[in-house]
Amino acid sequence: MEKEVLIEKINTVLSEEFEVDAAEFTPDADIKETLQLDSLSLVDMVALIDAEFGVKIKGTELVQVKTFGALYDFVHERM
Amino acid sequence: MTQKPLLEGSELFKLIPQRAPIVMVDTFCDANDLGAETGLNITADNIFCQDGLLREPGIIEHIAQSAAAFAGYKPYTQGEEPKLGFIGEVKKCKIARLPRVGEQLRTKLSVVGEAAGVTLIAAEVFSADSSIATCQMKIFIKND
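The listed protein sequences derive, respectively, from chains Y and C.
For the first sequence, counting from 1, position 45 maps to 45 in this note's numbering; every step adds exactly one.
For the second sequence, counting from 1, position 62 maps to 62 in this note's numbering; every step adds exactly one.
Just so you know, these hints were derived from the structure itself, not from any lab.
Check each hint, because a few of them may be wrong.
[To be verified] Derived DSSO-like pairs (lysine-lysine); straight-line CA-CA distance at most 27 Å:
#	chain 1	residue 1	chain 2	residue 2
1	Y	58	C	74
2	Y	56	C	4
3	C	83	Y	56
4	C	91	C	142
5	C	83	C	14
6	Y	58	C	83
7	Y	9	Y	66
8	C	108	C	4
9	Y	66	C	108
10	C	108	Y	58
11	Y	32	C	91
12	C	74	Y	56
13	C	142	Y	56
14	C	92	Y	58
15	C	91	Y	66
16	C	4	Y	58
17	C	108	Y	32
18	Y	9	C	91
19	C	92	Y	9
20	C	92	C	108
21	Y	32	C	92
22	C	92	Y	56
Being a predicted model, the structure only gives us computed values, none of them experimental.
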């Protein structure tokens, strides 16, 4: 999948699930702050990425995936 | 049940803190790291039954205790005491119908995701071969 298409799909599913305007999803934006994720809802994003793209983000890898840019790269590299 | 239970009846007290009359799981089987299967025979004296039907809180309690049993099973197999766990959230709960007294519930649990010490579990409750309820629960296990 082309990376631009993937980014658009990731933004769409995250926007729909967490009800945040995808225009806020800039590569440098912090995912937890932008999606207003707390310690309980972080697992929702992990489960969503797994369900939609078949990519598992392990707990140890989660610390690397802080921004949307990092998330796009992470998913793209593992698809 | 698809196979012989790993634990049943009072053996399940090793996995869950509830005791009669609020025990809502009577069999536990088919467990691995990704999920498990539980069961409950709905009896007339079940405190969540009314007019011969297991009411919505009873179904949700059954799922919650199933999730608790699943969370406690791995420490149990390692010879440890089950850790204190909390249900953090119940979401996407859909109940198609209320089961009757005498029906045997069979509930399949699967891990949907894990992050920051929180496990998201999906549950589907069956009676015979028909699905009667689905929901997701978040479980947080308190580590020492």
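**Asked** Taking each numbered hint in turn, which are not upheld by the structure, reported in ascending numerical order?
**Response** As far as the earlier hints go, 2, 9, 16, 17 are violated by this structure, in ascending order.
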